[in-house]
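Everything in the sequence shown is counted per this note's numbering, starting at 10 for the first residue and increasing by one.
Check each hint, because a few of them may be wrong.
[What the hints assert, rightly or not] Below 27 Å or equal to it, Euclidean Cα-Cα: the simulated BS3-like pairs (lysine-lysine) are: (1) K661 / K503; (2) K507 / K727; (3) K661 / K726; (4) K507 / K726; (5) K661 / K727; (6) K503 / K727.
These are calculated hints, taken from the structure and not from any lab test.
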Amino acid sequence: MAISSSAGASGGSTTTSPIPFTVTFSENVTGFSAAGVTVSNGSVGTVSGSGTTYTFNVTPTAAGLVTVNVPANVAQDQAGNGNTAASQFSITYAPITFTTWTGNVSSDWFTAGNWTAGVPTSTLDAIIPTGAPRYPLIAAGTASAKNLTINSGTSLTQTGGTLDLRGDLTNNSTFTATGGTVALGSTALANILGSSNTRFYNLTIGVSGAQSSTSASTSVQRLLTLNGNLATNGNPLTLLSSASGDALVYNNGGVVTGAATVQRYIDPSLNPGLGYRHYSAPVSNTTVADLTTSGFTPVVNPTYNTSPTPTLERPFPTVYGYDQSRLSLTNSSALFDKGFFSPNALSDPLVVGQGYTVNIGASELVDFMGTLNNGSLTLNLASNRSTYNNDGGWQLLGNPYPSPLDYSLVATTDRQGLDAAIYVFGSTAQYQGQYRSYVNGIGGNPVLPSGQGFFTRVSSGQASGSLTFRNSQRLTSPNGTTFQRTTETRPLVKLTLKGTSGTATDDAYVYFQNGATDGFDAQYDAVKLPNTSGLNLSTSITGQQLAIDGRAELGTSQRVVPLAVGVPASGTYTFTAAQLLNLTNVPVYLRDLQSGAVIDLAQQSTYQFTVTNATTLITGRFELVFSPQQALATVSAALAQQVALYPNPATKQAFVELPVSLGRQAVTATLLDAVGREARTVVLPAQGAAPHQLDLTELPTGIYMLRLSTSAGVVVKKLVVE
């Protein structure tokens, strides 16, 4: 009898696994099975066959010598005689461990004809050599390999899909990734090797982890997912930021060990030049000097902090923190501005969770180098609102993570003693900008990018507060699309103010919700932080202005919301009702008490007006009127101007003169106080153009609105009672 194999002769070698074997007897036998085969460095499969010929496979345990023996007496002929032993068959198993790119067919990674030993698998190394007619592309699907080597003078391009490597990545040439994910370390510790910089689009580190073992830089454009640890070993790792997007870290059980760099691109769309940008360090163990870029060196000056005239100090600082305890200082700054301070030196730390305002050009790319922040962080915040209620309690804080933070996910229990609102500054010129407010699902985007500073405030009546940042508040995927809220169900008006020149606008919001009041509510309202651009729109309540005004639910009575308007210069400006939500059965009017115009915003969404004195905040002129029961008919501006109200200011009495066209019928005259409450109502008899006397006795001093319900519609006039 004899043992043979189609994989090779005894004493030879093979790359085949499993190895096929044939046993040939000299006559017909029975009883032969796998139990009759003895193998070293392998395992025997099922024996098949009959008569003189039997076959089976042997799967090598490892590379090396495989021996097969068929001893005597394991099969019997028809007479019951046992077989004689066969000569040992030995063959060396030398498995294929790699496949080399040829590019003979196309640039498709998944085409077998482009590789010497077929498409790579998780157990097969992939080598991209010099001299191929074309180089591989991964556009979709999952490409696998054990170890991948990109040799000098070659390239690998990834536009999508996943490149799953079960071993190391060695890049000695060009790896171009404009999409897709590279996965490392799912089954064993992976090394990033090679002489060339490796720029991933998305990088996922498996539970076994990975490490940088090269001084060449490693960078990520979008998402670094850490299911295991990524060790930098002192080698450069950068989270990139550009106009196309920012990289972020998802700590899903893993961390980056060692220092890393986080870039922060500046959006130049609002201001392409110098301006104040609010930053926060997404790393720990870094200093003010880390704000330095190729074209910017931060300037600090501690004498600014104690000067009686801080704005005259030279050199003038370009970096500031904010400390509300400084409001007690005696200097020439406005009360709120006294809180800004200069670091003492460039070696001062950038405190994690604190915000800093930096006057820097839009073309500069700031990067922060240190240990990436991760896990919970609690900030304990002091307040001096008992002394400075209108200007105290403000805190300049910042997103502490190398990923965006969604402030709408900050639970009430994580912001003890704080107002719910946040305020993000956007630069529009070197010393001008606008605040974007957010509270309770209303206003701007609650997502704070990595490195973004913001203001919030300790609530009135609180001596202190605290804010806790948590990983659960972080985004785990790139925030490249507009923030999507759930469908708004509350009645809401978004009113926008814009000048006739330039692109600057400002918004005010009014909404109605159960639990809110018509006063200030820390849970529902955002106060107005004045825009340094001079363009400001807000609502007015007693003692303050609001950017977002949450009010008690609408009922059947009319509701009046006074507005405050600030403009940078005399000229023409426009109101636009940018949103009127869930107010189908509630007419909403914009009332100009100076011109007498009453605009139904559902019918006419814009209103243009002129300002001749821009030096002070305009109050008492504009208001929003919510009229659930009946519509307000409007009188033409020309006719309304013919209505005279004098003297104004008045004390005990005032007189109303109507044009003949309006005085032919009785007119109902209603005085409304500053918050829209009815103070007095009288009926003026039909008497043509003859003046009507209004009795003002026992009315408190203040600003009132006289609403005249005429046959042609409503006329509103402002009246000051002294």
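Hints, one by one, checked against the model:
no.: 1; hint: K661 / K503; verdict: violated (39 Å)
no.: 2; hint: K507 / K727; verdict: holds (24 Å)
no.: 3; hint: K661 / K726; verdict: holds (18 Å)
no.: 4; hint: K507 / K726; verdict: holds (25 Å)
no.: 5; hint: K661 / K727; verdict: holds (16 Å)
no.: 6; hint: K503 / K727; verdict: holds (25 Å)
In this structure, only the earlier hint numbered 1 is contradicted, and the remaining ones agree with it.
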